[in-house]
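K.L.:
Make one complex out of these two single chains by using the hints.
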Amino acid sequence: MGLASRHLLGLEGVSAEDLTQILDTSISFREILERPIKKVPTLRGVTVLNLFYEASTRTRISFELAEKRLSADSINFSASTSSVKKGESLRDTVQNIEAMKIDMVVVRHKSAGTPYFLTQCLNSNIINAGDGAHEHPTQGLLDMFTIRQKYGSLKGLRVLLVGDIKHSRVARSNIWGFKTLGANVAICGPSTLLPYEAERFGVDVYTNLDEALEGVDVVNILRIQLERQQSGMFPSQREYTHLFGLSSERLKRLNKNYTIMHPGPINRGVEITSEIADSESSVVLEQVTNGQAVRMAVLYLLSGKKGEPEETES
Amino acid sequence: MSKSPVKKQETKAAAGIGSNYDLIVTGGDVIDPRIGVLNDATILIRDGEFVAVETDKKKVAAALKATDKSNIIDATGKLVTPGLIDLHVHLREPGREDEETVITGAQAAAAGGFTTICCMPNTTPAIDDQETVRFVLSESVGAPCRVFVVGAVTKNRAGKELAEIGDLVKAGVVAITDDGDFVQDPDLMRRALEYAQMFDIPIMQHAEDKYLVGDGVMNESFASAKLGIRGRPAVAEEIATLRDIQLAKFTGGRVHIQHVSSAGTVDAIRRAKAEGVKITAEACPHHFSLTDDEIEKKFDTNLRVNPPIRTQADVDAVIAGLVDGAIDCIATDHAPHSAEEKDVEFDQAPAGMVGLETALGLIKTRLIDKGYLSWTDAIRKLTVNPARIINQPLGDLSVGNSADLTIIDPEAQWTVDPSTFKSKSRNTPFTGWELSGKVVKTILRGKVAYSSE
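First to last, the sequence lines map onto chains B and Y.
If you count the first sequence from 1, position 16 lands on 57 in my numbering, and the numbers rise without skipping.
If you count the second sequence from 1, position 223 lands on 274 in my numbering, and the numbers rise without skipping.
You may find that some hints are simply not true.
[Stated by the list, open to error] Pairs of lysine to any residue residues, derived as SDA-like cross-links and limited to a Cα-Cα distance of at most 25 Å, are as follows:
id	chain 1	residue 1	chain 2	residue 2
1	B	Lys151	Y	Ser389
2	Y	Lys349	B	Tyr237
3	Y	Lys489	Y	Gly78
4	Y	Lys475	Y	Thr152
5	B	Lys80	B	Phe118
6	Y	Lys349	B	Ala57
7	Y	Lys116	Y	Asn71
8	B	Lys220	B	Arg47
9	B	Lys191	B	Val325
10	Y	Lys475	B	Lys191
11	Y	Lys110	Y	Asp447
12	Y	Lys348	B	Thr134
13	Y	Lys421	Y	Ala371
14	Y	Lys348	B	Leu235
15	Y	Lys349	B	Gln161
16	Y	Lys348	B	Leu163
17	B	Lys191	B	Arg71
18	Y	Lys261	B	Ser272
19	Y	Lys349	B	Arg241
20	Y	Lys348	B	Ser130
21	B	Lys293	B	Arg309
22	Y	Lys348	B	Ala57
23	Y	Lys475	Y	Asn173
24	Y	Lys349	B	Gly54
Source of the hints: derived by calculation from the structure; they are not laboratory data.
With the rest of the complex left out, here is chain Y (with noise of 0.2 Å):
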């Protein structure tokens, strides 16, 4: 499409209130990151584009009267966001297309409400070259959902020499990482943060010292003790993201800290950010749902998951850091795997749970409803926040902006039901689960990509 006719109905719709609008959301409560709560507003949208926010009645009016009523949602008693952004996504394609592809992958995330997923590189093969990346855009046309490819840091992830990052960048990435795995030798990820300033993309660090981690299964406590299961310590997370911030700091590379779940983690975040270093972290709803005394009941493996769950004490600190701001952003690491592959003895298990599906029940029940964030601040860290740290201009409602949003009936109970999941697995630890919050529509670039009626 070209741009001039974009253009020139932008120009129509800001004189015109009155002429029809390809879609129009009206009657919910809209929040926009920027401002917060709009109580009863009405979004218009033409183009797959926003053209206005409006709470004016009578130019509500006029635009619900100009526009076909197919065309119309209304929202009444439902919060309306920007599309929820996801920085943290294992996609499985290439190579475990029986766990997930990116279209089943991007399904699970439009029933979560996402309208943009990153998905990580750890596939097989690596996605650490431009054929790669253009194989996961290319399975991406169509699908309900945006998928950004992140890139591989080094070469098959091996962590030994860089892979081609301008390249990689050419052909669309918007971040980088080795994720599952560190990148250990910290003179190669000195040049990595170097290099990657000139594209002025972040490094994602799985943060987490192969040599303190060993063959640990689990987070190194005295859950661990009393099971006699090898641990996983949080100084392992705690040294690298350390190191990491250091090697920001002398680089002035953008390092980005993916699922932190340890107390001493979120506080060297906290600090290296008043020190200006330029570093963001994430953090996943299992690191502040979950404690490791759980595995002990059942040795259920889908509490199997790198970085570890942990104590309460690091729960409480991550969901501090949320607060606070030391963690900027909450991502899933929806990581699906095989039932097979999880009906195992338990260290015999892969690492990773499925999160697209059960990220805002479980941001509702355990932040929102416990008082820790407002619903404003929670939709802040899954939309500008992320966009931020990837430099999209996504996250908000800004006129020209890609038309992505979230519906979302914030007070509806649902009991987790992993057989009505969209994604290929259904590796979670929260079947039965009784959560709050849920996602009744996704709308991407204009149109409705899930129902859930």
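Here chain B stands alone, though its shape is the one from the complex (with noise of 0.2 Å):
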């Protein structure tokens, strides 16, 4: 056993194989989450760096509290306390902090391919907590994981992601993951946010909401950025809504036993209105606990430690 890369970079080229063991490792995992004591000594003695050049909330409480939870010893960079102001490149800023011994980076950044550059940079195992527009794979796992919760499997599924699918991340790690896993995936969202050529990603492609949602069984939505109205992709939020929101009467189209999912943080009453994102087919909240165990499995796999996760630390 054990995974094909050291790295979690990207889903994209992942094996259906190394989706499927970090999906059935995170089961053991998410039960932990259900005990009295969460916490397993998994990965004592190990040191991961959170190194988030970007904002986040649960991301990086994901990530800190699957490495307590592990046992881990984690240290916290963010960008706004660095020395990056004045002026130390990511190089050296990465390879001085390694020298401190750590063992294992997760990392956000707002340039793609930045985990990529981490590790012709570091030894460390690189987690990518987010590159730019590029990938979230653990996004993409936690995602997948709380399909499976519920349907057993991806196979066959209709999954249906609504918005700004361009500038998104977590589209691609979902449409690479999804896919792999044999989930038959379609996009839906503004003609100016839609991804160039976006066809070639193996998915159906959708401008019209009521059309795309015709026989879906997992919508998720993305979150909608203001920036982009005043950056000239869509005229005015309210326009957005009128064309992309999810409202109740466009839920009448979607196959029964529907699931409604949003990596959050959520606009509410842009993108979805808040009585769908509250209602009990809605699994944003399960999506967030699920993160964690799906965030543990990934570091324990990517660790190479041996032996089993079960045992809570007395």
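P.N.:
Set out below in structure tokens:
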């Protein structure tokens, strides 16, 4: 066993076997989260650097908690408090930190490819926590985990991603991962927010939400960023909501037993109504919990530690 | 030096084969772009000028006999071509002497087989006045390559008001450009085209509309879509080119489109030429050798260049443009950047790659070996064609022309190793590439300026 790579840079090109291994391993960690003492000694002695060059609340907290619950030592770095402002290069910054003997790096950065760049600078295992609009693999994995939890498998499911696909790293990781595990993926958004030659991702492409929702099992609603309106990608939030907002009437087109997902943070009343976000079909909070388990699994598998993750620390 | 002794010797040369020469290059296959290949020809040089290209065995024997052995270069098995000309080079001086200087750039050029290079004005300060032109020219004295300066179109390359173009010409510029930036204001470009006509110089345009380019850092394509990297679409280059075609047609001015990289640009230029518009164009080795899907392999910042490397269809179109003449010449856009500046996140890196020392190998390997261009066609695009664009009596073997030559081992195989570069900078994406065709010697004004041995 073990994964093909010692890094998790993205889900593109990751085999079904490796994805399944991560998701299966996540099940054990998900169980740990239901225990009264949510901590195991699995990564004792392992030091993890959380390198966040971009603001993040949930992903950062999720990784940090995952590390603590595995008994790893975590250190946090954020661009605002670092020597970045003094003009130190990324390579120098990370090599200096690694010289203090760290084992793994969780990185978020606005530039696509930064996690790969770190693999060229460091010996540590690198985990991508979001690089520009490129990939956000642990989000993709937790979405897959959440879908598997409900449906048992992704095979044959129709999954629709709605919103700003062009600038979304979540969308890309979703597309690659979902397709590898056999889901049937569609995307829908304003033409200005769809990636160039989007069909080449191997997805069905829609600009009409009502048509796109027909026969869908899982809808993943992406956050629409206000800056996109300011940069002329769509005329107004009002019109966006009218054309691409998920409302109760639109839900009728979905398959029975449908699921609503959102990677957060939600703009309530913009891309999704509060009614739907808080409905029984919404798994938004379950996604967040599962994110913990998936990140624990990724940290564990990449660390190369042997043995079972079962034992709770006494 | 006064003119009269030169004239006297020319007369003597014409009359007296058998007299001695300052330099003889003999035994090589000579490419004269006006004629084609002359097998086993001998080039006779005196006072830094071509005296004759001789194939008559007896005359050659007499010349060789009369000339000191140390002044004879045996080019048997080699190609001998007019010295190569590169219309597009960044020498970084003044301002970034840590990346390149006029001298190191000229050394890199000579090692790459170039005897003439045109340096771009995007220096600090910009080359937008006589003083800066003179400074660069004075730095080039004694360089192993002739350096022509291209001045700025607008003051400080800011795209607001015309530079003193008349003054620039007086100081010696051969063309003007705001390279690095597009002259975005169409009215200003119109005036520049009108004004430059008085001096019969071309405007070299970096054709990329800045609004369409936005903050894009690679070609907009499926490759950029996958990486989520902001794109610089081909249409930015195409619209900029089409606008300048219309302005050139309207004003009668001469526009030279730099670093053509997209299929649509090639088409636009081809059509404009058919209509008789005074337009010329260059293509760079990276634009016919690389595609944008290379970027995702390693996020190599050396692949970041403006205009960006594009798709296979664009590469094919650029090659087709070189083949049918839509594109007149090959230029390197040699753009040195420090290792530190390139050793960063992909979109944080400055655009540009060095190219002087890999150009010929890429041309041989990617164009000649693949059957797109003959040696003669390729050399034409590196000699007479660029010379014509800047209106200089260079690029062929005409008697009386400056004796600039490039001697090439056409079949030599070599591996690109940036540590051997003469350039101060090493930012090439071609490290480790196996290339064929290597410069053996470069001769400038009748003297050896570079020798690989």
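K.L.:
Next step is simple, just say for each hint if it's right about the structure.
P.N.:
Tested hints:
Under the criterion of a C-alpha separation no larger than 25 Å, the hint pairing Lys151 of chain B with Ser389 of chain Y is consistent with the structure, at around 23 Å. The hinted pair formed by Lys349 of chain Y and Tyr237 of chain B meets the criterion: a straight-line CA distance of about 21 Å does not exceed 25 Å. In summary, the hint linking Lys489 of chain Y to Gly78 of chain Y is supported, as the alpha carbons are separated by about 18 Å, within the 25 Å threshold. A hinted pair counts as satisfied when its Cα atoms are at most 25 Å apart, and Lys475 of chain Y with Thr152 of chain Y qualifies at roughly 8 Å.
The hinted pair formed by Lys80 of chain B and Phe118 of chain B meets the criterion: a straight-line CA distance of about 23 Å does not exceed 25 Å. Of the supplied pair hints, the one linking Lys349 of chain Y and Ala57 of chain B holds, its CA atoms being roughly 23 Å apart against a limit of 25 Å. Of the pairs offered as hints, the one joining Lys116 of chain Y and Asn71 of chain Y holds, with about 8 Å between alpha carbons and a cut-off of 25 Å not exceeded. Taking the CA atoms of Lys220 of chain B and Arg47 of chain B, the gap is near 22 Å; set against the 25 Å cutoff, the hint holds.
A threshold of 25 Å between alpha carbons decides the hint, and for Lys191 of chain B with Val325 of chain B the separation of about 13 Å falls inside it, so the pair holds. A hinted pair counts as satisfied when its Cα atoms are at most 25 Å apart, and Lys475 of chain Y with Lys191 of chain B does not qualify at roughly 60 Å. Straight-line distance between C-alpha atoms of Lys110 of chain Y and Asp447 of chain Y comes to about 22 Å, which keeps the hinted pair within the 25 Å bound. A threshold of 25 Å between alpha carbons decides the hint, and for Lys348 of chain Y with Thr134 of chain B the separation of about 24 Å falls inside it, so the pair holds.
For the given pair, Lys421 of chain Y sits about 13 Å from Ala371 of chain Y by alpha-carbon distance, which is consistent with the 25 Å threshold. Between Lys348 of chain Y and Leu235 of chain B the alpha-carbon distance is near 23 Å, which keeps this suggested pair within the 25 Å criterion. In summary, the hint linking Lys349 of chain Y to Gln161 of chain B is supported, as the alpha carbons are separated by about 9 Å, within the 25 Å threshold. Distance check on the hinted pair: Lys348 of chain Y and Leu163 of chain B sit about 18 Å apart at the alpha-carbon level, within 25 Å; holds.
At roughly 14 Å between alpha-carbon atoms, Lys191 of chain B and Arg71 of chain B fall within 25 Å of each other, so this suggested pair holds. Our distance criterion of 25 Å between C-alpha atoms is met by Lys261 of chain Y and Ser272 of chain B, whose separation comes to about 15 Å. Under the criterion of a C-alpha separation no larger than 25 Å, the hint pairing Lys349 of chain Y with Arg241 of chain B is consistent with the structure, at around 21 Å. With a C-alpha separation of about 22 Å, the suggested pair Lys348 of chain Y and Ser130 of chain B falls inside the 25 Å cut-off, and the hint holds.
A C-alpha spacing of about 20 Å is found between Lys293 of chain B and Arg309 of chain B, which places the hinted pair at or below 25 Å, so the restraint holds. Between Lys348 of chain Y and Ala57 of chain B the alpha-carbon distance is near 21 Å, which keeps this suggested pair within the 25 Å criterion. Of the supplied pair hints, the one linking Lys475 of chain Y and Asn173 of chain Y holds, its CA atoms being roughly 18 Å apart against a limit of 25 Å. Simply put, Lys349 of chain Y and Gly54 of chain B have alpha-carbon atoms about 15 Å apart, close enough for the 25 Å limit, and the pair holds.
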